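**Student:** For this one, chain A is given, so just place chain B on it according to the hints.
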Amino acid sequence: SQTIHQWPATLVQPVGSPLSLECTVEGTSNPNLYWYRQAAGRGLQLLFYSVGIGQISSEVPQNLSASRPQDRQFILSSKKLLLSDSGFYLCAWSKGLTYQADTQYFGPGTRLTVL
Amino acid sequence: TQLLEQSPQFLSIQEGENLTVYCNSSSVFSSLQWYRQEPGEGPVLLVTVVTGGEVKKLKRLTFQFGDARKDSSLHITAAQPGDTGLYLCAGGLGRGGADGLTFGKGTHLIIQP
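Those protein sequence lines, which keep their order, are chains A and B.
With the first letter of the first sequence counted as 1, position 86 gets the number 86 in my numbering; the numbers rise by one all the way through.
For my numbering, add 115 to where a residue sits in the second sequence, where the first one is 1.
Check each hint, because a few of them may be wrong.
Claimed, not checked - Covered, in the sense of this in silico footprint (three residues per stretch, anywhere, with C-beta under 8 Å from a C-beta of chain B), are these stretches of chain A:
{"no.": "1", "stretch": "40 to 47"}
{"no.": "2", "stretch": "104 to 113"}
What the hints assert, rightly or not - DSBU-like mimics (lysine-lysine), calculated; alpha carbons at most 30 Å apart, straight line:
{"no.": "3", "chain 1": "A", "residue 1": "K95", "chain 2": "B", "residue 2": "K185"}
{"no.": "4", "chain 1": "B", "residue 1": "K220", "chain 2": "B", "residue 2": "K171"}
{"no.": "5", "chain 1": "A", "residue 1": "K95", "chain 2": "B", "residue 2": "K172"}
{"no.": "6", "chain 1": "B", "residue 1": "K220", "chain 2": "A", "residue 2": "K95"}
{"no.": "7", "chain 1": "A", "residue 1": "K95", "chain 2": "B", "residue 2": "K171"}
Unchecked claim - Taking CB as the label site, the calculated pair distances span:
{"no.": "8", "chain 1": "A", "residue 1": "R111", "chain 2": "B", "residue 2": "I128", "range": "25 to 33 Å"}
{"no.": "9", "chain 1": "A", "residue 1": "A40", "chain 2": "B", "residue 2": "T135", "range": "20 to 28 Å"}
{"no.": "10", "chain 1": "A", "residue 1": "G54", "chain 2": "B", "residue 2": "R175", "range": "43 to 51 Å"}
{"no.": "11", "chain 1": "B", "residue 1": "P228", "chain 2": "A", "residue 2": "R111", "range": "23 to 31 Å"}
{"no.": "12", "chain 1": "B", "residue 1": "T199", "chain 2": "A", "residue 2": "S58", "range": "31 to 39 Å"}
{"no.": "13", "chain 1": "A", "residue 1": "E26", "chain 2": "B", "residue 2": "T192", "range": "32 to 40 Å"}
{"no.": "14", "chain 1": "A", "residue 1": "S67", "chain 2": "B", "residue 2": "G131", "range": "47 to 55 Å"}
{"no.": "15", "chain 1": "B", "residue 1": "V170", "chain 2": "A", "residue 2": "G16", "range": "46 to 54 Å"}
{"no.": "16", "chain 1": "B", "residue 1": "V159", "chain 2": "A", "residue 2": "W7", "range": "17 to 25 Å"}
{"no.": "17", "chain 1": "A", "residue 1": "G52", "chain 2": "B", "residue 2": "S145", "range": "18 to 26 Å"}
{"no.": "18", "chain 1": "A", "residue 1": "V15", "chain 2": "B", "residue 2": "T192", "range": "42 to 50 Å"}
{"no.": "19", "chain 1": "A", "residue 1": "Q73", "chain 2": "B", "residue 2": "D182", "range": "40 to 48 Å"}
{"no.": "20", "chain 1": "A", "residue 1": "Q73", "chain 2": "B", "residue 2": "E153", "range": "23 to 31 Å"}
{"no.": "21", "chain 1": "A", "residue 1": "S29", "chain 2": "B", "residue 2": "S127", "range": "39 to 47 Å"}
Quick caveat, the hints were computed from the structure, so don't treat them as lab data.
As the structure is a computational prediction, the values presented were derived from the model and not from experiment.
Each residue gets a CB set at the ideal place from its N, CA and C atoms; glycine is no exception.
Chain A on its own, in the form it takes in the complex (with noise of 0.2 Å):
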């Protein structure tokens, strides 16, 4: 079965530190990898995707970047974290196939607060 991990689980970073989330996914190959931002009230954002190693789409100008070194490894980074970078984040994966890619899996979450 395919599990999906995300570190860490809570995060206190101070205003203008770098930032560096990890997720791996575990018992499939080839997944189609997402970094969503929930902030309350305003449900969640797709921050980035990507369908294979090396290739990263973003889907909101910001403060942050993502890379995938590896086939199931998926880091969002900042070089300099701002307050509104402040939310929970969540990794998902999907199958690669166009038809199954709508059915996302989350990982645990990582609580970020930027003081």
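**Tutor:** Frame of chain A, contents of chain B only:
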């Protein structure tokens, strides 16, 4: 931009009652997902519906996709405290993940013993 409106936003009922949550859009989706999320955790997939008019049942939960694939409903029979959580609907466009999923803001459901 596709939007999904969920109603009600908040619902608090007694154990044993029935309830229905709605998810509406002016856009057509290729699929509709329902998730349940508990505080501090990621959303857990409950069901995916892909055919207009499709009905799926998961124990006491019944999910329906509208005929025009623009709306969906979740009906819970004889609600239990374990049903408490945030229920999210999400629409997919079937573009191989290129657009991710469009999420509603969710329905906060509390089932009181």
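**Student:** Under the constraints set out in the numbered hints, which ones does this structure not fulfil?
**Tutor:** none
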